[in-house]
Amino acid sequence: MPATYDPQYRFDDVRYSNWGKVPVIMPALKGALNFIIGKDKADTISMRTWFLQIYSIYFYIFLFLYIPVFLFTIRRLIRTKVFPNPDIPLTFSNLIKYMRPIAARQSTEFTR
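In the working numbering, the protein residues as written are 840 to 951.
I should point out that these hints are in silico values taken from the structure, not numbers from a laboratory.
Hints are not guaranteed to be accurate.
Pairwise CB distance ranges, derived in the manner of DEER restraints [stated by the list, open to error]:
#	residue 1	residue 2	range
1	Y855	R914	12 to 20 Å
2	T930	D882	46 to 54 Å
3	A871	F901	25 to 33 Å
Below, simulated BS3-like cross-link-like pairs (lysine-lysine); rule was C-alpha separation at most 27 Å, straight line [said to hold, decoys possible]:
#	residue 1	residue 2
4	K869	K880
5	K920	K936
6	K878	K860
Nothing here was measured: the structure is a model prediction, and the numbers come from that model.
The C-beta atom is built at its ideal place from N, Cα and C for all residues, glycine as well.
Please work from the sequences and hints to get the whole structure.
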């Protein structure tokens with residue numbers, strides 16, 4: 840023990856996370872963690888390290904929101920710009936069929 844240690848403190852244990860901070864949510868989360876990974880591992884989880892990496896959390900939230908919007912936009916662009924009729928279903932074979940170069944499609948139309 841260090842010379843400046845005050846024996847009056849008498850620490851009983853170490854807590855990595857304050858599971859009683861938010862009354863209903865945090866104890867429920869702790870109970871779920873106890874059930875899923877076991878009490879010993881759940882007691883040593885430090886949530887502070889997760890929240891110190893706040894920009895990583897922002898990145899994953901943004902990515903989670905961005906991907907569906909991006910896929911929806913690509914699908915709409917393909918249906919309006921590539922397919923001649925928006926009622927044509929978006930399938931791989933239709934995509935290959937209509938993505939051929941326009942000159943190749945025109946040359947086959949003139950030979951008929």
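Right, here's what the structure says about each hint:
Range check, Y855 to R914: Cβ separation about 45 Å, and the 12 to 20 Å hint is violated. Range check, T930 to D882: Cβ separation about 52 Å, and the 46 to 54 Å hint holds. One distance hint, 25 to 33 Å for the beta-carbon pair A871 and F901, holds here, with the actual separation near 26 Å. For the hint linking K869 to K880, the alpha-carbon distance of about 11 Å falls within 27 Å, and the restraint holds.
Restraint check: the Cα-Cα separation between K920 and K936 comes to about 14 Å, which is no more than 27 Å; the hinted pair holds. A hinted pair counts as satisfied when its Cα atoms are at most 27 Å apart, and K878 with K860 qualifies at roughly 19 Å.
When the structure is compared with the earlier hints, a violation turns up for hint 1 alone.
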